[in-house]
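Number of protein chains: 2
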Amino acid sequence: MPSTTDPSRINLYINEVAPRDGFQNEAKFIDTDDKIALIDRLSNCGFAKIEVTSFTSPRAIPALRDAEAVMHRIRRHPDVLYTVLVPNARGAERALACQIDEANLVMSLSKSHNRANLRMGREQSFQQLQEVVAVLKRTPVLINVSLSTTFGCPMLGDIADDEIWRWMDRFAAIGVHGFTLCDTTGMAFPSQVQRICEGARTRFGEQQLTLHFHNTRGMALANTLAAINAGVVRFDAALGGLGGCPYAPGASGNVCTEDMIHMLDLMGYRTGIDLTAVLQAACLLPAMIGHEVPGQVLKAGRRLDLHPQPEQLQSA
Amino acid sequence: MPSTTDPSRINLYINEVAPRDGFQNEAKFIDTDDKIALIDRLSNCGFAKIEVTSFTSPRAIPALRDAEAVMHRIRRHPDVLYTVLVPNARGAERALACQIDEANLVMSLSKSHNRANLRMGREQSFQQLQEVVAVLKRTPVLINVSLSTTFGCPMLGDIADDEIWRWMDRFAAIGVHGFTLCDTTGMAFPSQVQRICEGARTRFGEQQLTLHFHNTRGMALANTLAAINAGVVRFDAALGGLGGCPYAPGASGNVCTEDMIHMLDLMGYRTGIDLTAVLQAACLLPAMIGHEVPGQVLKAGRRLDLHPQPEQLQSA
Numbered sequence: 206m207p208s209t210t211d212p213s214r215i216n217l218y219i220n221e222v223a224p225r226d227g228f229q230n231e232a233k234f235i236d237t238d239d240k241i242a243l244i245d246r247l248s249n250c251g252f253a254k255i256e257v258t259s260f261t262s263p264r265a266i267p268a269l270r271d272a273e274a275v276m277h278r279i280r281r282h283p284d285v286l287y288t289v290l291v292p293n294a295r296g297a298e299r300a301l302a303c304q305i306d307e308a309n310l311v312m313s314l315s316k317s318h319n320r321a322n323l324r325m326g327r328e329q330s331f332q333q334l335q336e337v338v339a340v341l342k343r344t345p346v347l348i349n350v351s352l353s354t355t356f357g358c359p360m361l362g363d364i365a366d367d368e369i370w371r372w373m374d375r376f377a378a379i380g381v382h383g384f385t386l387c388d389t390t391g392m393a394f395p396s397q398v399q400r401i402c403e404g405a406r407t408r409f410g411e412q413q414l415t416l417h418f419h420n421t422r423g424m425a426l427a428n429t430l431a432a433i434n435a436g437v438v439r440f441d442a443a444l445g446g447l448g449g450c451p452y453a454p455g456a457s458g459n460v461c462t463e464d465m466i467h468m469l470d471l472m473g474y475r476t477g478i479d480l481t482a483v484l485q486a487a488c489l490l491p492a493m494i495g496h497e498v499p500g501q502v503l504k505a506g507r508r509l510d511l512h513p514q515p516e517q518l519q520s521a
Numbered sequence: 206m207p208s209t210t211d212p213s214r215i216n217l218y219i220n221e222v223a224p225r226d227g228f229q230n231e232a233k234f235i236d237t238d239d240k241i242a243l244i245d246r247l248s249n250c251g252f253a254k255i256e257v258t259s260f261t262s263p264r265a266i267p268a269l270r271d272a273e274a275v276m277h278r279i280r281r282h283p284d285v286l287y288t289v290l291v292p293n294a295r296g297a298e299r300a301l302a303c304q305i306d307e308a309n310l311v312m313s314l315s316k317s318h319n320r321a322n323l324r325m326g327r328e329q330s331f332q333q334l335q336e337v338v339a340v341l342k343r344t345p346v347l348i349n350v351s352l353s354t355t356f357g358c359p360m361l362g363d364i365a366d367d368e369i370w371r372w373m374d375r376f377a378a379i380g381v382h383g384f385t386l387c388d389t390t391g392m393a394f395p396s397q398v399q400r401i402c403e404g405a406r407t408r409f410g411e412q413q414l415t416l417h418f419h420n421t422r423g424m425a426l427a428n429t430l431a432a433i434n435a436g437v438v439r440f441d442a443a444l445g446g447l448g449g450c451p452y453a454p455g456a457s458g459n460v461c462t463e464d465m466i467h468m469l470d471l472m473g474y475r476t477g478i479d480l481t482a483v484l485q486a487a488c489l490l491p492a493m494i495g496h497e498v499p500g501q502v503l504k505a506g507r508r509l510d511l512h513p514q515p516e517q518l519q520s521a
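Residue numbers (the numbering used here), protein chains in the order written: chain S, 206 to 521; chain L, 206 to 521.
Read the hints as simulated data drawn from the structure, not as lab findings. This one's a predicted model, so the numbers in the text were calculated from it and none came from an experiment. Hints may contain errors.
Which copy is meant is left open, so a pair is good if it fits within one copy or across any two.
Restricting the straight-line Cα-Cα distance to at most 35 Å, the calculated cross-link-like pairs of lysine-lysine (DSBU-like) are [claimed, not checked]:
#1 K504 <-> K233
#2 K504 <-> K316
#3 K342 <-> K504
#4 K316 <-> K342
Only chain S is shown next, with the shape it has when bound in the complex (with noise of 0.2 Å):
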């Protein structure tokens, strides 16, 4: 806990990821209407930034194939980035068609993860988002290199640090502007993730530092405040909690937007995000995704939403 550092003085970031790292694992096709009327709602609950979709190819990830039309047809909100995820140099000629404000870069830390999730090595990976970097330097548009499997990899097990500062340098040599540290399938826990950041912003001090995690074992709130207490003031997030993991059936996705602003908000700190707006925005996502969503406090209502007495006991 930041017993040090009065919260009220810092303000935080939050990244919703829920149209594109959400919707991406769903199984049903999000119609392209209710992804746009979903974003615009988002855009106007206070994010620092949104990530809308994923100029993959559509043969790769069908769920996100109307990434031009959504794109295109949200209404931006002048404070808010759109970012979108950009697998490769094509995919970065179609998103600057779409005038991205930042395009995140992913590949793992993990050769057995990246070979898993983007069939190819991790120096291919490199190659290949080194062309997206040399496309994109050439515009104002920012990078984010988003590293998957930092905090371990489900296959491989524990990443070695120098591993993950060795990646990070090489990002850095070509000028990317940002990086994410991904706890892709909710392996981090707080004294790692304390341990890591704090390594991390020493050495990475000229990029901005985003970190993401999933609840998969629990443990996502503990290490977003493990995060804060490392200096660490931007974070990814999925409303509801969207966003699973093929290797942990039934168990939670990314950290919850509404949980975690519920608890920043209770501790004081600022993320300029109304709760309300976006509690009403989570509302609606059983019923366009077809199923329930993990996320907490849309269940159990704010900490005091309060629920009226027992009628028999008002007149004892």
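Based on the hints, put chain L in the right spot on chain S.
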């Protein structure tokens, strides 16, 4: 996060409450033999304490109407304290006949919650518990008082800190040995937990202090770390995360034992608990109670329970 204290020097003491707090909330009656078999298993997991049952009226809580049979037939481990819920002097006599190690006395700090839960005013509860203390003081049995809604009442909202200290003072004055501060409906948040735990430790250094969290709004593990930060070393937890809350249908229950131990182990705290044995016990719950449980490590596996690489990639 305890950045100045080495976790490996901190012994934590876990009280497993599923047999009482969990089973009490199940619609289906859990077979007496199943209860005993589970408690016998739990006795070999390294818990400091197990809350076995409740000596409430069998009409009030039929789920635990087999309190005597369970207490008489479990095989006690010499390192485990066996505690039971005792609501009144009659229950105390019944419990004493079963050679309990500790009695857990419960009242709510919220007037409305006490009425809703115990059907009486707080003063009447205190008088009744005072009678229990009078009965138990003639014996070597330890006396713990669990204070419900310490971190907020679902009907009245926040409880003033002074109200917490006032009731703790009254119980300390009649000689109880320990207090459990209960977050009965998951309203606690980390900075509040740290403040109240620091206050309680400062004021009531003579009594053992235990924290009882619910994961209703996802904050149970973050709250656990906040309490440890404030010097707390004793925690209630329920196998599988059993123990619902009528004010949050569909929400999680008590903090899940195996999820809590999984995190604390990773961080290097000494819990003395065999997580493998706990997970084996938790595995039995769904068949025993007839439904899935909220625990996440049970679904996702431990952090380093690795998965094989996809076959087509092994040769790649």
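Here's how the hints hold up against the structure:
For a Cα distance limit of 35 Å, the shortest separation of K504 from K233 qualifies both inside one copy, at 23 Å, and across copies, at 23 Å. Taking the closest pair of Cα atoms, K504 and K316 come within 35 Å of each other only across two copies (25 Å); inside a single copy the shortest separation is 38 Å, beyond that limit. In this homomeric assembly, K342 and K504 never come within 35 Å of each other (Cα to Cα): the closest approach is 44 Å inside a single copy and 43 Å across copies. Taking the shortest Cα distances, K316 and K342 sit within 35 Å of each other inside one copy (27 Å), while across copies they are farther apart (64 Å).
Comparing the model with each earlier hint shows a violation of hint 3 alone; every other hint is respected.
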